[in-house]
Amino acid sequence: MGNAALFVAVFLACAVEAVEALTIVLAAGVGRGWRSAVTGLIAGLLTLAVIVAVAGPAVSAIPLDALRLVVGALLLVFGLQWLRKAVLRASGHKAFHDEAKAFEAALAAARHAPGRSAVLVPDWYGFTLAFKGVVLEGLEVVFIAVTFGSNQHDVGLAALAALTAVLVVAAIGVAVRKPLSRVPENAMKFVVGVMLTAFGMFWAAEGAGAHWPGADLALLVLIPAVGLYALLLVALFRRGDRRSAVGADRPTGTTP
Amino acid sequence: MIRRLRAFGAFWYGFVVGDDWRVAAGVVVALGLTATITRITAVPAWWIVVVAVGVLLASSIRGAIRRSDQPAAPR
Numbered sequence: 001m002g003n004a005a006l007f008v009a010v011f012l013a014c015a016v017e018a019v020e021a022l023t024i025v026l027a028a029g030v031g032r033g034w035r036s037a038v039t040g041l042i043a044g045l046l047t048l049a050v051i052v053a054v055a056g057p058a059v060s061a062i063p064l065d066a067l068r069l070v071v072g073a074l075l076l077v078f079g080l081q082w083l084r085k086a087v088l089r090a091s092g093h094k095a096f097h098d099e100a101k102a103f104e105a106a107l108a109a110a111r112h113a114p115g116r117s118a119v120l121v122p123d124w125y126g127f128t129l130a131f132k133g134v135v136l137e138g139l140e141v142v143f144i145a146v147t148f149g150s151n152q153h154d155v156g157l158a159a160l161a162a163l164t165a166v167l168v169v170a171a172i173g174v175a176v177r178k179p180l181s182r183v184p185e186n187a188m189k190f191v192v193g194v195m196l197t198a199f200g201m202f203w204a205a206e207g208a209g210a211h212w213p214g215a216d217l218a219l220l221v222l223i224p225a226v227g228l229y230a231l232l233l234v235a236l237f238r239r240g241d242r243r244s245a246v247g248a249d250r251p252t253g254t255t256p
Numbered sequence: 001m002i003r004r005l006r007a008f009g010a011f012w013y014g015f016v017v018g019d020d021w022r023v024a025a026g027v028v029v030a031l032g033l034t035a036t037i038t039r040i041t042a043v044p045a046w047w048i049v050v051v052a053v054g055v056l057l058a059s060s061i062r063g064a065i066r067r068s069d070q071p072a073a074p075r
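In order, the protein sequences belong to chains A and B.
Residues 1 to 256 (our numbering) make up the first sequence, in order.
Residues 1 to 75 (our numbering) make up the second sequence, in order.
No wet-lab data here; the hints were simulated from the structure.
These numbers come from a predicted model, not from an experiment.
Errors might be hidden in some of the hints.
Stretch by stretch, here's where chain B covers chain A in the computed footprint (C-beta under 8 Å, at least three residues) [claimed, not checked]:
1. 49-62
2. 74-83
3. 196-206
4. 226-233
Note that the Cβ used here is the ideal one computed from N, Cα and C, for glycine as well.
Turn these sequences into a full structure, and let the hints guide you.
Here it is, written out as structure tokens:
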């Protein structure tokens with residue numbers, strides 16, 4: 001149960017962020033030229049790899065109780081943020097994330113920005129757009145993968161889930177060469193929000209010294225219970241007129 | 001320099017705390033209460049986080065809906 005849930009949570013979180021990063025890199029490539037966009041993509045991935053190489057061993061060296069308290073609290077805050085937005089979207093109070101719309105907005109901004117070249121980079125704007133997109137979208141995933149892996153004592157599995165998600169999204173992106181607007185991104189974000197919240201509750205309470213009834217088996221109750229509660233909130237706050245949903249997502253950023 | 005430091009701080013605030021600081025504060029309070037109860041009593045304390053998550057999520061969503069429903073202030 002633990003390892004399957006670990007794989008699913010990291011895979012989905014990583015896939016969602018990879019879809020958003022792909023949209024930004026595509027906009028940078030189409031709007032400003034592929035050489036700068038691909039250089040920015042590679043630089044972003046290298047930066048994330050360095051962060052994993054530094055953070056992974058550092059996180060693993062922290063005593064388990066302290067790790068579970070701090071990491072559980074952070075995962076819980078992240079999870080509640082993801083879940084809050086997912087419930088607001090599903091109940092019609094926030095616009096659904098639309099990759100096609102995000103792509104058009106980023107492309108329009110890229111086409112109108114002034115050009116400037118730098119060392120090794122023919123277009124600085126295209127490079128920074130792709131670099132920031134990859135790093136900002138990837139940072140939260142790196143945190144989730146490293147902390148989930150450390151808590152479950154299986155960083156390798158978390159890394160495999162993250163890598164699989166990136167490769168799947170990249171392969172589909174190369175094949176279709178347009179934003180992946182048909183991916184059920186909002187439903188995936190809902191599931192990730194539920195997983196992060198449930199695991200965050202479990203680890204943070206254990207780190208604070210509490211003992212769950214049934215120990216690890218409590219997760220089998222917590223995950224569906226959080227999901228059902230979120231669905232209940234969707235039903236409770238559902239808005240009749242979805243056209244008035246406001247607050248379209250930004251094309252970049254770390255929030256889900 | 002100060003502008004960059006501010007931007008750096010704003011990024012990490014947004015990354016960790018997010019849109020609603022009350023959620024982060026509520027999580028910290030709930031965990032502090034859990035740690036205190038487990039240290040000074042033998043009463044089970046796992047339920048505190050469950051109750052806190054239920055209340056925080058519902059109140060944060062309700063607050064966001066209220067804010068989005070409010071008409072813009074006249075200039």
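Hint check:
no.: 1; hint: 49-62; verdict: violated (count 0)
no.: 2; hint: 74-83; verdict: holds (count 7)
no.: 3; hint: 196-206; verdict: holds (count 4)
no.: 4; hint: 226-233; verdict: holds (count 4)
Consistency with the previously given hints fails for number 1 only.
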